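**Student:** Under mature numbering (1 follows the signal peptide of the UniProt record, and there is no 0), the letters of the sequence shown match residues -15 to -1, 1 to 94, in that order.
I should point out that these hints are in silico values taken from the structure, not numbers from a laboratory. Heads up, a few of these hints could be off.
What the hints assert, rightly or not - In the DMTMM-like style, the derived pairs of lysine to aspartate or glutamate whose C-alpha atoms are separated by at most 25 Å in a straight line are:
{"id": "1", "residue 1": "Lys88", "residue 2": "Glu19"}
{"id": "2", "residue 1": "Lys88", "residue 2": "Asp38"}
{"id": "3", "residue 1": "Lys88", "residue 2": "Glu44"}
{"id": "4", "residue 1": "Lys6", "residue 2": "Asp78"}
{"id": "5", "residue 1": "Lys6", "residue 2": "Glu19"}
{"id": "6", "residue 1": "Lys6", "residue 2": "Glu66"}
{"id": "7", "residue 1": "Lys88", "residue 2": "Glu39"}
{"id": "8", "residue 1": "Lys88", "residue 2": "Asp53"}
Said to hold, decoys possible - Per label pair, the in silico range of CB-to-CB distance:
{"id": "9", "residue 1": "Arg54", "residue 2": "Asp89", "range": "32 to 38 Å"}
{"id": "10", "residue 1": "Pro(-6)", "residue 2": "Glu76", "range": "16 to 22 Å"}
{"id": "11", "residue 1": "Asp89", "residue 2": "Leu23", "range": "18 to 24 Å"}
{"id": "12", "residue 1": "Lys88", "residue 2": "Ser56", "range": "26 to 32 Å"}
{"id": "13", "residue 1": "Thr92", "residue 2": "Pro5", "range": "16 to 22 Å"}
In this text, all values refer to a predicted model and were calculated from it rather than measured experimentally. For each residue, glycine too, the CB sits at the ideal point set by N, CA and C.
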Amino acid sequence: FWALQWHVYPLLCCSSWLPPKLVRRVYLPVGNPETQWLYGPVHEGYALCFVVDERVLSEHLVFCTVYDRASFPVQPCISIEASTRTLEVCEADGFWATRVVRKDGGTTD
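Model the full structure from these sequences, guided by the hints.
**Tutor:** What follows is the structure in structure tokens.
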């Protein structure tokens, strides 16, 4: 399985040099139109820190999952419920994905 997902970490590390539509199409081949996705690489020894506007949190559910380089979740489905949240330090290189979904089921902008 690891060999099938080898491309995700380098893809996200190099995403600033690639067309955004290509990165999105490779990383999220089929996305839910009601979900806003944010994603990127994580590096060993670093922690993700979220700063989310209270207005966003009042209208949306925000979830983050951190994956290892083989796409296995190492910090699964963490709900971001406070305007500031720091996740655990990453023990290895990998990537993160954050889902933002409206509480009323509508589409996100």
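**Student:** Pro(-6) and Glu76, beta-carbon distance inside 16 to 22 Å?
**Tutor:** Since the Cβ atoms of Pro(-6) and Glu76 sit about 19 Å apart, the hinted range of 16 to 22 Å holds.
**Student:** Taking 32 to 38 Å as the stated bounds, is the beta-carbon spacing between Arg54 and Asp89 within them?
**Tutor:** Taking Cβ atoms as reference, Arg54 and Asp89 lie about 36 Å apart, which means the hint holds.
**Student:** Take a quick look at whether Lys6 and Glu19 sit within 25 Å of each other, Cα to Cα.
**Tutor:** holds (18 Å)
**Student:** Is Lys6 within 25 Å of Asp78, Cα to Cα?
**Tutor:** holds (24 Å)
**Student:** Check whether the Cα positions of Lys6 and Glu66 lie no farther apart than 25 Å.
**Tutor:** violated (29 Å)
**Student:** CA of Lys88 to CA of Glu39, is that 25 Å or under?
**Tutor:** Answer holds: Lys88 to Glu39 is near 14 Å, not above 25 Å.
**Student:** Asp89 and Leu23, beta-carbon distance inside 18 to 24 Å?
**Tutor:** holds (20 Å)
**Student:** Between Thr92 and Pro5, is the Cβ distance one that fits in 16 to 22 Å?
**Tutor:** holds (19 Å)
**Student:** Does Glu44 sit within 25 Å of Lys88, going by the straight-line distance between their CA atoms?
**Tutor:** holds (6 Å)
**Student:** Against the 25 Å threshold, does the CA-CA distance of Lys88 and Glu19 hold or violate the hint?
**Tutor:** The given pair, whose Cα atoms are some 11 Å apart, holds under the 25 Å limit.
**Student:** Taking only the CA atoms, is the gap from Lys88 to Asp38 under or equal to 25 Å?
**Tutor:** holds (15 Å)
**Student:** CB of Lys88 to CB of Ser56, is that within 26 to 32 Å?
**Tutor:** holds (28 Å)
The structure fails hints 6, 8 (numbered hints given earlier, in ascending order).
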